[in-house]
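Undergrad: Now for the letters of each chain:
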Amino acid sequence: DSGVTQTPKHLITATGQRVTLRCSPRSGDLSVYWYQQSLDQGLQFLIQYYNGEERAKGNILERFSAQQFPDLHSELNLSSLELGDSALYFCASSAAGTSVYEQYFGPGTRLTVT
Amino acid sequence: AQSVTQPDIHITVSEGASLELRCNYSYGATPYLFWYVQSPGQGLQLLLKYFSGDTLVQGIKGFEAEFKRSQSSFNLRKPSVHWSDAAEYFCAVGGRAGGTSYGKLTFGQGTILTVHP
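Chains as they are written, first to last, in the numbering used here: chain Z, 1 to 114; chain Y, 1 to 117.
The hints are simulated quantities; they were obtained by calculation from the structure and are not laboratory data.
On a predicted model such as this, the values are computed, not experimentally measured, just so you know.
Glycine residues also receive a C-beta, built at the ideal position from the N, C-alpha and C atoms.
Just so you know, not all the hints are guaranteed correct.
If you anchor each label on the Cβ, the simulated ranges turn out as follows [said to hold, decoys possible]:
| no. | chain 1 | residue 1 | chain 2 | residue 2 | range |
| --- | --- | --- | --- | --- | --- |
| 1 | Z | 16 | Y | 77 | 46 to 52 Å |
| 2 | Z | 44 | Y | 112 | 16 to 22 Å |
| 3 | Y | 77 | Z | 13 | 20 to 26 Å |
| 4 | Z | 77 | Y | 56 | 29 to 35 Å |
| 5 | Y | 82 | Z | 16 | 35 to 41 Å |
| 6 | Y | 40 | Z | 41 | 42 to 48 Å |
| 7 | Z | 65 | Y | 8 | 32 to 38 Å |
Some chain Y residues well away from chain Z (every beta-carbon gap over 10 Å; in silico) [stated by the list, open to error]:
| no. | residue |
| --- | --- |
| 8 | 15 |
| 9 | 42 |
| 10 | 112 |
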């Protein structure tokens, strides 16, 4: 158990809908990351937040957005969903300094868009 | 841009045999390197990491990896594989690129390990 929690574990929804994925980092970690894992793209970095502020951005679609709240939990919002958004979404967290790259992953949320 | 190549999509070994999974990276400066393992339906677990210093790093579950700057490689090894090691293994690179790359890990495509009894 990494200490990172994600809810829900599974999500099935229809095209055009909007969903919210939630992540709670390990105790004491200020950084939260979101990754997407799909068969064709592999593991792709989406976005990073550090203590409530956006810190780094990957190839995140404009239909996707994220935020980190004062209690450090994070939410990833996916809207106007398409079939191709079906994937496993991971949240990871890390401490500060060099350890920012030592990321601990949650169990993931499997999103299925029908 | 940073990138990671894992040349072997699928490797099969017999239980008790030695294992080496290959990883080559591309990065403009000294990289931070990682190996993660993912069991079916699970998240990624950090096996080991290299930041600096000794180029042979030890990890959990009896795994080790060696950083070879001249070959841009960070291969994962285990002297004797157990059936429970069957999983998918990912090599990742990050570094002090700063800016919009701060904190970003770039992953390889993964190597699936099958262990025969």
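Undergrad: Each hint: holds or not?
TA: Right, here's what the structure says about each hint:
1. Z/16 x Y/77: 46 to 52 Å: Hint holds: Cβ distance 48 Å, inside 46 to 52 Å.
2. Z/44 x Y/112: 16 to 22 Å: holds (19 Å)
3. Y/77 x Z/13: 20 to 26 Å: violated (43 Å)
4. Z/77 x Y/56: 29 to 35 Å: At 43 Å between Cβs, range violated.
5. Y/82 x Z/16: 35 to 41 Å: violated (47 Å)
6. Y/40 x Z/41: 42 to 48 Å: violated (19 Å)
7. Z/65 x Y/8: 32 to 38 Å: holds (37 Å)
8. 15: holds (27 Å)
9. 42: violated (7 Å)
10. 112: holds (12 Å)
Hint check: violations occur at hints 3, 4, 5, 6, 9; the rest are consistent with the structure.
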